[in-house]
Amino acid sequence: MASNPRTPEKEAAGGAATVDPMGAMPEALAQQASGLYRPARRHGQQSKAELYALNAIAGALRASLKLQAMIEQTLAVLLSTLHCASASILLLDWETQELEVYVGRRSEDRPVFAFRRFDLLALPLANVAPGAPSLVVQCVEEAGRAALLSAPISAEGQVLGMLAMTLDAAPPRSNAPQQCLLRSIGSAMGQAIRNARLYERTQREADLQAAVNAIGTAIGKSLGLPHWLDDALQQLLAVTDLHFGAVLLRDDDPASLSIVASSGVSAQGAARLAAHVQSLAARLANEPIIEEDLPAEPQASEAPRCLMYIALRPQSECLGFLAVGSYTQRHFAPGASDLLVGIAGQISLALQNRRLYEETQRSAQRLEAISAVASAGNQTLEIDRFLHTALAQVVEAADLRGASVLLLAPEQLCLNQIAFAGHGDLGAEAIPLGAGGAGRAAAERRAVVEEAPGSRGREYWYYLPLESRGRLLGVLAARGRGPRLAPTTADLLPALAGQVAMGLSNALLYGEALERAAALAQANEALRAAVRGKDQFLANVTHELKRPLAPARLVLETLIEAPAGRFSAQRRQEMLRIALHNIDNLNALVSELLDAVRLERNDQLLAQEAVDLRGVARRSLAAMSPLAEAHQLQVHTIIPAYPVNVRGDAAALERVVTNLLSNACKFNRSGGSILLQVERTSDGKAVLAVTDTGLGIPAHAREHIFERFYQADGSSTRAHEGLGLGLYIAREIVEHHRGQIHFESEENEGTTFTVILPIAED
46 MASNPRTPEK
56 EAAGGAATVD
66 PMGAMPEALA
76 QQASGLYRPA
86 RRHGQQSKAE
96 LYALNAIAGA
106 LRASLKLQAM
116 IEQTLAVLLS
126 TLHCASASIL
136 LLDWETQELE
146 VYVGRRSEDR
156 PVFAFRRFDL
166 LALPLANVAP
176 GAPSLVVQCV
186 EEAGRAALLS
196 APISAEGQVL
206 GMLAMTLDAA
216 PPRSNAPQQC
226 LLRSIGSAMG
236 QAIRNARLYE
246 RTQREADLQA
256 AVNAIGTAIG
266 KSLGLPHWLD
276 DALQQLLAVT
286 DLHFGAVLLR
296 DDDPASLSIV
306 ASSGVSAQGA
316 ARLAAHVQSL
326 AARLANEPII
336 EEDLPAEPQA
346 SEAPRCLMYI
356 ALRPQSECLG
366 FLAVGSYTQR
376 HFAPGASDLL
386 VGIAGQISLA
396 LQNRRLYEET
406 QRSAQRLEAI
416 SAVASAGNQT
426 LEIDRFLHTA
436 LAQVVEAADL
446 RGASVLLLAP
456 EQLCLNQIAF
466 AGHGDLGAEA
476 IPLGAGGAGR
486 AAAERRAVVE
496 EAPGSRGREY
506 WYYLPLESRG
516 RLLGVLAARG
526 RGPRLAPTTA
536 DLLPALAGQV
546 AMGLSNALLY
556 GEALERAAAL
566 AQANEALRAA
576 VRGKDQFLAN
586 VTHELKRPLA
596 PARLVLETLI
606 EAPAGRFSAQ
616 RRQEMLRIAL
626 HNIDNLNALV
636 SELLDAVRLE
646 RNDQLLAQEA
656 VDLRGVARRS
666 LAAMSPLAEA
676 HQLQVHTIIP
686 AYPVNVRGDA
696 AALERVVTNL
706 LSNACKFNRS
716 GGSILLQVER
726 TSDGKAVLAV
736 TDTGLGIPAH
746 AREHIFERFY
756 QADGSSTRAH
766 EGLGLGLYIA
776 REIVEHHRGQ
786 IHFESEENEG
796 TTFTVILPIA
806 ED
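Count along the sequence shown from 1, add 45, and you get the number used in the working numbering.
No lab work stands behind these hints: they were computed from the structure. There's no promise every hint is true.
Straight-line C-alpha distance at most 20 Å; calculated EDC-like pairs for lysine to aspartate or glutamate [what the hints assert, rightly or not]: (1) Lys711 <-> Glu637; (2) Lys730 <-> Glu699; (3) Lys111 <-> Asp275.
Produce the complete structure using the sequences and hints provided.
Here's what the structure looks like:
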């Protein structure tokens with residue numbers, strides 16, 4: 046309850062009481078004080094000094110409505126007017142079950158006052174019921190005092206206390222006048238004390254209501270004030286005149302409590318309170334627990350004398366507990382329990398409102414974070430840009446150290462990191478399914494939490510599978526702060542992972558669509574190129590077929606139409622050989638076309654016999670010598686003396702070498718050279734190489750050089766004849782012999798074609 050104006054000190058001394066500035070007493074009290082004169086007139090025994098004392102006491106009773114000030118004024122008047130050594134006023138407080146003792150003594154220059162409060166039930170002769178008609182007090186006379194006069198202080202038939210004076214000398218034979226005076230003073234004081242107590246009670250109730258309003262104001266700010274519980278707790282202690290208190294709330298683990306607010310108690314003391322409250326939790330669920338008259342511990346700096354524990358339960362759920370107490374008071378004031386329970390109820394409702402408010406805020410933040418991640422997916426379908434934005438949103442929304450996305454590679458059954466933000470880098474190494482937290486999350490399609498390696502319990506990894514439309518896409522790895530996953534984070538991250546999965550799925554589908562579109566465009570371009578190639582091929586074939594056919598036809602027509610005797614026999618023979626040569630060329634073209642078709646269909650039957658590659662080289666060179674001479678080329682050979690045998694078809698292999706030598710002649714410079722080499726390597730390979738000093742192969746043609754019908758210059762006006770089948774046929778024949786063919790070329794420097802075949806086993 047509100048602080049008692051009479052401070053519970055063991056002993057206090059001070060000067061004469063000052064007059065309270067609040068003004069005169071109520072009219073009823075003034076009339077009561079004026080009644081002091083009537084008994085004096087009736088008995089006719091008051092001296093002038095006594096009348097002066099009565100008048101001064103009446104003024105003191107009118108001077109203040111504050112009890113302690115009024116009593117000290119009265120004691121000062123008694124000491125100065127009645128010349129007593131000391132004067133005492135003993136008052137019973139039936140509400141607090143205490144005896145209040147006010148003592149005034151004369152000093153050298155001013156009166157000295159003392160005040161003490163005693164537990165009424167602890168006094169041996171104080172078993173007096175409220176409203177008793179008389180009061181019996183056992184008094185022990187002070188040493189050296191001659192007499193002790195006393196009179197009851199009462200009002201409306203109820204004894205409120207006792208007025209006592211110690212005289213300087215032995216009393217006269219008849220002390221009836223003094224007893225009459227004391228009874229008159231006691232009667233007047235009774236009504237004045239009742240009025241003062243009523244005034245103080247009214248003031249306390251007003252102060253209490255103001256304090257309760259202040260607590261309500263502090264609690265009312267609970268939605269916006271971070272430390273509202275501290276303010277409310279301090280207001281509560283001020284209202285109840287208690288020394289310390291703490292608010293303890295349940296954690297996520299119901300078996301533990303957290304101290305969220307405390308006042309007047311150290312951290313160690315609050316921890317002891319929390320442990321004690323936890324042990325009483327089952328009993329506190331039903332009603333508050335009050336512990337009073339606790340033993341004093343002189344050695345302890347924080348030794349409660351009384352404690353009260355109240356459950357904070359706005360409805361069926363217990364949110365926590367309120368613990369308050371005093372270091373000096375052994376008992377709680379009357380009505381304190383009801384007041385504290387009421388305030389605890391207000392705190393409970395405020396905590397519930399705060400929780401609902403925080404849940405609403407979290408829901409709003411959750412929706413905002415989900416919306417931000419979804420917006421990132423709506424803004425772009427490029428996977429890198431989407432993940433960069435989305436992971437930044439995830440890290441900020443969930444207050445993470447970092448995050449990363451691991452994409453599933455179904456063929457390799459592993460996860461590969463494709464993006465990360467903050468301190469979420471898991472490295473470039475692939476993670477097999479089932480390995481580690483990320484691998485288990487993907488393999489088992491469930492969230493996995495584990496301590497971050499090397500963090501000593503200060504960080505954790507939270508792995509969530511990314512699924513969309515029933516398809517596992519990968520894993521979201523979140524690196525969090527603290528020893529364990531907070532419930533709010535555990536609620537938020539799966540929703541964010543769902544949005545990341547949806548955006549990732551859309552980005553992957555978009556990427557696949559782009560790839561399909563690119564493949565389709567490439568296929569269309571290839572088709573168009575094939576159509577162009579077909580047209581070009583038909584034009585080239587027509588041109589190549591007509592090239593030998595036209596001269597042969599011309600020769601034959603000339604011979605047929607020429608009159609007899611126009612050409613000599615020798616001339617006719619030469620013309621027929623020209624026609625035959627062109628027909629042979631035409632036949633070679635047709636054979637080349639047929640060979641290409643048979644090789645593609647794998648219909649070409651090749652012999653499998655031992656063939657000396659040296660003989661193949663010599664025969665091919667002999668066949669191509671006329672062409673080399675026609676181009677004024679110098680031909681050089683490097684052929685070993687030992688046999689270089691391979692297993693295969695000699696005619697087909699000669700076709701390969703002939704085609705290579707033919708190209709070396711056609712694409713060489715006039716006056717250039719050709720080098721033909723044959724060798725056997727130490728690793729059991731037969732190598733044949735043809736090198737020319739010609740123009741080289743253009744860079745754009747190199748990747749197509751072995752394609753069927755491909756020619757670097759495919760136009761019908763090209764300088765070199767042919768169908769573009771020579772190198773294609775050469776490659777097919779070499780590969781049918783389990784060999785390899787490759788080339789090295791530099792523009793304007795020349796070209797080297799190399800054929801590698803396995804050596805025939807003996």
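Verification of the supplied hints:
1. With a C-alpha separation of about 17 Å, the suggested pair Lys711 and Glu637 falls inside the 20 Å cut-off, and the hint holds.
2. Our distance criterion of 20 Å between C-alpha atoms is met by Lys730 and Glu699, whose separation comes to about 18 Å.
3. A hinted pair counts as satisfied when its Cα atoms are at most 20 Å apart, and Lys111 with Asp275 does not qualify at roughly 33 Å.
When the structure is compared with the earlier hints, a violation turns up for hint 3 alone.
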